[in-house]
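The hints should help you fit chain B onto chain A, whose structure is shown.
There are 2 protein chains.
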Amino acid sequence: MSVERLSINQITVKAWSFEETVRGLARHGIGWIGAWVGPVEEYGPERAAALLRDHGVRVSSMCRAGFFTGKNPDGGGLDHDANRRAVDLTAAIGADVLYMVSGGVHDDLNLARSRAAVVEGIAELVPYAASAGVRLAVEPLHPMMCAERSVTVTLDQSLDIVERFDPAHVGLAVDTYNVWWDPGLDAALARAGDRIIGYQVCDWLVPQPHPTFGRGLPGDGAIDIPAITRAVDAAGFTGPIEVEIFNEKVWARDPDDVLGAVVAGFPHHVLP
Amino acid sequence: MSVERLSINQITVKAWSFEETVRGLARHGIGWIGAWVGPVEEYGPERAAALLRDHGVRVSSMCRAGFFTGKNPDGGGLDHDANRRAVDLTAAIGADVLYMVSGGVHDDLNLARSRAAVVEGIAELVPYAASAGVRLAVEPLHPMMCAERSVTVTLDQSLDIVERFDPAHVGLAVDTYNVWWDPGLDAALARAGDRIIGYQVCDWLVPQPHPTFGRGLPGDGAIDIPAITRAVDAAGFTGPIEVEIFNEKVWARDPDDVLGAVVAGFPHHVLP
Numbered sequence: 650m651s652v653e654r655l656s657i658n659q660i661t662v663k664a665w666s667f668e669e670t671v672r673g674l675a676r677h678g679i680g681w682i683g684a685w686v687g688p689v690e691e692y693g694p695e696r697a698a699a700l701l702r703d704h705g706v707r708v709s710s711m712c713r714a715g716f717f718t719g720k721n722p723d724g725g726g727l728d729h730d731a732n733r734r735a736v737d738l739t740a741a742i743g744a745d746v747l748y749m750v751s752g753g754v755h756d757d758l759n760l761a762r763s764r765a766a767v768v769e770g771i772a773e774l775v776p777y778a779a780s781a782g783v784r785l786a787v788e789p790l791h792p793m794m795c796a797e798r799s800v801t802v803t804l805d806q807s808l809d810i811v812e813r814f815d816p817a818h819v820g821l822a823v824d825t826y827n828v829w830w831d832p833g834l835d836a837a838l839a840r841a842g843d844r845i846i847g848y849q850v851c852d853w854l855v856p857q858p859h860p861t862f863g864r865g866l867p868g869d870g871a872i873d874i875p876a877i878t879r880a881v882d883a884a885g886f887t888g889p890i891e892v893e894i895f896n897e898k899v900w901a902r903d904p905d906d907v908l909g910a911v912v913a914g915f916p917h918h919v920l921p
Numbered sequence: 650m651s652v653e654r655l656s657i658n659q660i661t662v663k664a665w666s667f668e669e670t671v672r673g674l675a676r677h678g679i680g681w682i683g684a685w686v687g688p689v690e691e692y693g694p695e696r697a698a699a700l701l702r703d704h705g706v707r708v709s710s711m712c713r714a715g716f717f718t719g720k721n722p723d724g725g726g727l728d729h730d731a732n733r734r735a736v737d738l739t740a741a742i743g744a745d746v747l748y749m750v751s752g753g754v755h756d757d758l759n760l761a762r763s764r765a766a767v768v769e770g771i772a773e774l775v776p777y778a779a780s781a782g783v784r785l786a787v788e789p790l791h792p793m794m795c796a797e798r799s800v801t802v803t804l805d806q807s808l809d810i811v812e813r814f815d816p817a818h819v820g821l822a823v824d825t826y827n828v829w830w831d832p833g834l835d836a837a838l839a840r841a842g843d844r845i846i847g848y849q850v851c852d853w854l855v856p857q858p859h860p861t862f863g864r865g866l867p868g869d870g871a872i873d874i875p876a877i878t879r880a881v882d883a884a885g886f887t888g889p890i891e892v893e894i895f896n897e898k899v900w901a902r903d904p905d906d907v908l909g910a911v912v913a914g915f916p917h918h919v920l921p
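Sequence order for the protein chains is A and B. Okay, so the first sequence: first residue is 650 according to my numbering, each after it adds one. Okay, so the second sequence: first residue is 650 according to my numbering, each after it adds one.
Next comes chain A alone, as it looks inside the complex:
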């Protein structure tokens, strides 16, 4: 079945609650979800785990922990307790991949120091995550998010971090929107090999409707997503492919229609 690798990140169907999302995915024959800490915590992790089990939906990843530089545009600084709680929630719903967001550049504008803080922050979280059986996924965000959200912006830079840690505990997350422009993309994916533990896709709309929410459904933009999937697969990744879309217009649509469109387009616009 051609959508067996399809996962839907919950943000893609933002209008739905956690429960509505899980039921909706099952209704569309989708077997994976990319979950977020907030909705899972609100619904209750034990109830969430039961709901997922009952609907045969597995968790491809949990978003998110991190902000090791202390800069989080959504508010708050580095919160060690929140990061550990995210690890607990990830384990509680039977997932084993937790995405890290590095945080933006510190007020001193010293990028090197902010980047060092990311390595320190991950090193500090690894033992806790390892004991919970959760792997931390280092994700480069698009360079346009360097100031506010993530001083980690390229695959090679992320791999330099990942390679400092045991493959059992820390891996790489690849998102087409964040990495498609990189002239070193193919080489970096080959270098990554089996360190890739997460793969997300969406398209780059032209023109970009919004600095952060400009993501489109696969096939609607400028990215050759099947080519990137081919390279990710060639590197050795065989896991679920998460469709994660931040876009006000997509969020305004009926989530059932969005899922229908994603399912229909997945074999053509995502798979190699």
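Since the hints were made in silico from the structure, they are not lab data. Every value quoted in this text rests on a predicted model; they were computed, and no experiment measured them. Do not take every clue at face value.
[Claimed, not checked] Negatives, chain A to chain B, calculated, CB over 10 Å:
(1) 665
(2) 688
(3) 702
(4) 707
(5) 733
(6) 737
(7) 768
(8) 782
(9) 840
(10) 879
(11) 913
[As the list claims (entries may be wrong)] Pair by pair, the computed Cβ-Cβ distance ranges are:
(12) B:653 - A:888: 51 to 61 Å
(13) B:725 - A:905: 38 to 48 Å
(14) A:726 - B:733: 31 to 41 Å
(15) A:888 - B:900: 46 to 56 Å
(16) A:836 - B:669: 47 to 57 Å
(17) A:724 - B:773: 43 to 53 Å
(18) B:861 - A:726: 43 to 53 Å
(19) B:906 - A:809: 36 to 46 Å
(20) B:777 - A:678: 58 to 68 Å
(21) A:724 - B:900: 43 to 53 Å
(22) A:761 - B:885: 16 to 26 Å
(23) B:859 - A:809: 30 to 40 Å
All C-beta atoms, glycine included, are put in the ideal place defined by N, C-alpha and C.
Structure of chain B alone, referenced to chain A:
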């Protein structure tokens, strides 16, 4: 004099005509201008050259030619005649650096092919430019412009292009806004050495008010510009430093006030 290296790109004082800009710069004791093809052509290249001479203003660079991929968001595709005319205008006003903008990704979404077209396009333009005494400046734009405006997005990628050509005819242009996020920035600038033939500065505003027009005056954003100037200088560049700002709010201000602010801030927010 601390502003002896200061150049003002004409777009920064967008409300002014070419003549008003040259007179305004002279009034503020600024000895360099970054010119644009359109206003120079409109004013007439001979008149422009005389005006510049009369006011003791030299041209740090001319914007721009290129769009070798055939994708130009401002309209039109690859226009060989326009590119050669830009070379002529550059020489006519006594300038010797013409900025190249690569163009966005082709409709086939094949980034590698689009990037190959950039190398071919520059190779085709070099003999004409060389005979006019004009050097072509390859400029990486920010990766967020990859789809629409420039498939050339990093310093190392640009250097791979630059190094194919004679240093007398092709060099590198560095703009803080486009490159500040790059984890390989310092290494790339050291690699560039005397291939750097243009240096532009502006700041990265937080939050970004607009996907293209989000640039701020030096000191108003997230970039440690003096640190980058230090690295550019250490690479061997001793030329003018162009302040180029695309920002609706800056454009709405009295250009005299903008120039006053740039001059006052230059020693603190731009120089090392």
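Q) CB of residue 906 of chain B to CB of residue 809 of chain A, is that within 36 to 46 Å? A) At roughly 44 Å between Cβ atoms, residue 809 of chain A and residue 906 of chain B fall inside 36 to 46 Å, so the hint holds.
**Q.** 10 Å Cβ clearance of residue 688 of chain A from chain B
**A.** holds (25 Å)
Q. Between residue 888 of chain A and residue 900 of chain B, does the beta-carbon spacing fit 46 to 56 Å?
A. About 48 Å separates the Cβ atoms of residue 888 of chain A and residue 900 of chain B, which means 46 to 56 Å holds.
Q) Is the distance from the Cβ of residue 836 of chain A to the Cβ of residue 669 of chain B consistent with 47 to 57 Å? A) Distance hint for residue 836 of chain A, residue 669 of chain B holds at roughly 49 Å.
**Q.** 16 to 26 Å as the expected CB spacing between residue 885 of chain B and residue 761 of chain A, which holds or is violated
**A.** holds (22 Å)
Q. Residue 665 of chain A clear of chain B by more than 10 Å, beta carbon to beta carbon?
A. Given that every Cβ of chain B is farther than 10 Å from that of residue 665 of chain A, nearest at about 28 Å, it holds.
Q.
Verify this label for me: residue 733 of chain A is non-interface relative to chain B, using a Cβ-Cβ cutoff of 10 Å.
A. At roughly 28 Å from the nearest Cβ of chain B, residue 733 of chain A sits farther out than 10 Å, so the non-interface label holds.
Q.
If I take the minimum Cβ distance from residue 707 of chain A to any residue of chain B, is it greater than 10 Å?
A. About 31 Å separates residue 707 of chain A from the closest Cβ of chain B, which puts it past 10 Å; holds.
Q) Regarding residue 724 of chain A and residue 773 of chain B, is the given constraint of 43 to 53 Å on their beta-carbon distance met? A) holds (52 Å)
Q. Would you say residue 702 of chain A is clear of chain B, with no C-beta pair closer than or equal to 10 Å?
A. holds (40 Å)
Q: Check the non-interface label on residue 840 of chain A: least C-beta distance to chain B beyond 10 Å or not.
A: holds (15 Å)
**Q.** 10 Å Cβ clearance of residue 782 of chain A from chain B
**A.** The assertion about residue 782 of chain A holds, with a minimum of 31 Å to chain B.
The structure shown violates the earlier hints numbered 14, 18 and 21.
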